[in-house]
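> Using the sequences provided together with the hints, build the complete structure.
Protein chains in written order, with our numbering: chain A, 1 to 291; chain B, 1001 to 1291.
The hints are simulated quantities; they were obtained by calculation from the structure and are not laboratory data.
Mixed in with the good hints, there may be bad ones.
[Claimed, not checked] Below, in silico cross-link-like pairs of lysine to any residue (SDA-like), each with a Cα-Cα straight-line distance of 20 Å or less:
| hint | chain 1 | residue 1 | chain 2 | residue 2 |
| --- | --- | --- | --- | --- |
| 1 | B | 1135 | A | 6 |
| 2 | A | 246 | B | 1126 |
| 3 | A | 246 | A | 6 |
[Stated by the list, open to error] Covered by chain A, according to a simulated footprint, are these stretches of chain B (three or more residues, beta-carbon under 8 Å):
| hint | stretch |
| --- | --- |
| 4 | 1005–1012 |
| 5 | 1046–1058 |
| 6 | 1103–1112 |
| 7 | 1138–1144 |
| 8 | 1223–1236 |
These numbers come from a predicted model, not from an experiment.
Where is the CB? At the ideal position from N, CA and C, for every residue including glycine.
There are 2 protein chains.
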Amino acid sequence: MPDVRLRDFSEDHSALALNTATLGHNMDGCGAGWSPEQVIDACAERGYGAITWWRREIGQRAMEIGERTRAAGMQVSGLCRSPFLVGPLAPRTRQGVLDDFFGSIEMASDLGASCLTICVGGVVEDTHSIRDSLKEVATIVAEAAPVAQAAGVRLALEPLNPVYGGNRSCLVTVRDAVDMCDAIDHPALALAIDVYHVWWDTTLGAELKRAGAGRIAGYHLCDWLADTQDVLLDRGMMGEGVADLKDIRGAVEGAGYTGFCEVEIFSAGNWWKRDPAEVLDICVERFRTVC
Amino acid sequence: MPDVRLRDFSEDHSALALNTATLGHNMDGCGAGWSPEQVIDACAERGYGAITWWRREIGQRAMEIGERTRAAGMQVSGLCRSPFLVGPLAPRTRQGVLDDFFGSIEMASDLGASCLTICVGGVVEDTHSIRDSLKEVATIVAEAAPVAQAAGVRLALEPLNPVYGGNRSCLVTVRDAVDMCDAIDHPALALAIDVYHVWWDTTLGAELKRAGAGRIAGYHLCDWLADTQDVLLDRGMMGEGVADLKDIRGAVEGAGYTGFCEVEIFSAGNWWKRDPAEVLDICVERFRTVC
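Okay, structure coming up:
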């Protein structure tokens, strides 16, 4: 058990946020296809405290959707996400990366989102070097940080599970993410901590203490399935897997974090196939009991 | 580049070892099905310095195959492997684990293998705790260490990539492996460092220095493919992927390691389908040029 007194969610889930990827809204053709309005109404009805949206849902309606979220009594906890900044999945030129990055910052600002999630992208082609790739990432993030600050948006650097190191994120540990924050040293820059990506890391508590509460912009919930069938689209609902959810939250809250806990479950074969209303109900129940 | 003067393999590959998994010999029905004698002759012909075998190839012929390997001028660099010690893939009882573990130690001893690789197994069912699982692992390893010492075999604890944390290995970082060695503190206990499992870890050099040369029993080569299709059976040949092979070897040799470099490539869709003679030739060429 963690050595910090955890917030008690057993009878209060106002700290619960929905990341709409939990309903499949991060990918074309997945999920039940609810409109933002349907999502807002369903979350408000169930007492969620916030929603994090994906760019593909927002289109040209950022201000409208942000206002509607707040009018329903919730906050916009975040926007997913920046483009990949480097590596095989990034736009082909640095200018292309920056244009899309700045566009995502503007959308987050229009939404009134607390932060924009950054997935930094994989190892830079032909470098064979995760270190050199991280250096390249840092130059891009440093260029975007003042733009984000001017827009009133925090950049949430998200270290991803090392399984994604090759193509989706050369930033794979909280330690490296804290080091990058320290090196860039800009107030717009913070971290997003996701159970899926950090559940295995026994240094999590120490690294987050090093980061400090001011540097944690988000905490994401799901579970790691012992026998995962797909490392991108087979995340588990909280309680289904092997992650020590209370210990991980202890690390996050032990560093001083008091913000939302955002459920983000990519699950093409299971949760995305269910009725979104059922999924939202189960998230509430699991949040109150096992998180 | 690493800050250590690397051994020069460009015209001398006597430090090269073959792990027979590179020919598919770790799984039924994979590879060309060469006999141990064919493997020995082909490796000796090409100047390999050692071979690491899998238990399923050895059957009742451990002494014979060990002697034949040495008669061909090579060493037996290792035996793969212990049973999983805990988690969903381990034998169902502790006694079942120990019986199979001790059997594998005896086989390694009969082979004259330098070490027995240990894959510790995933998170213990219903614990939801990687920490508690590691503690359970440590009690089993501590019980086996004196048995291994009496048999003249070193136990090579292999931290696996965090993607295997749920089912194959709750030991996922070199840091945790060094901590476990320190805690058990037995001379029969050491580490195996595999590029596939550690390529993403920017703390590798520091952790291996903490371990010390005497604690490194093996170094395994392959590459991490940026767009890997299968996290178990789609490893790359050295040079095909994103791992910084010289930097990683710098970390291993910087800690004082002077032993074999063992090629271990699980590749159901590519390398296992090729003529083993071609695979062995390419391993030599890549070892001399990119490792």
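> None of the hints should be skipped; say for each whether it holds.
Now the hints, each set against the structure:
Distance hint between residue 1135 of chain B and residue 6 of chain A is unfulfilled; the C-alpha atoms sit about 24 Å from each other, more than 20 Å. The straight-line distance between the Cα atoms of residue 246 of chain A and residue 1126 of chain B is roughly 14 Å, inside the 20 Å bound, and the hint therefore holds. For the suggested pair residue 246 of chain A and residue 6 of chain A, the alpha carbons sit about 8 Å apart, so the restraint of at most 20 Å is met. Evaluation of the coverage hint for the stretch 1005–1012 of chain B: breached, as 0 residues show C-beta separations to chain A shorter than 8 Å, against a requirement of three.
For the stretch 1046–1058 of chain B, the stated coverage by chain A is not satisfied: 0 residues place a CB nearer than 8 Å to a CB of that chain, which falls below the threshold of 3. Note: the stretch 1103–1112 of chain B has 0 residues with beta-carbon separation from chain A under 8 Å; the three-residue rule is not met and the coverage is violated. Using a Cβ-Cβ cut-off of 8 Å, 0 residues of the stretch 1138–1144 of chain B lie near chain A, which falls short of the minimum of three, so the contact claim is violated. By the rule of at least three residues with a Cβ nearer than 8 Å to a Cβ of chain A, the coverage given for the stretch 1223–1236 of chain B holds, with 6 such residues.
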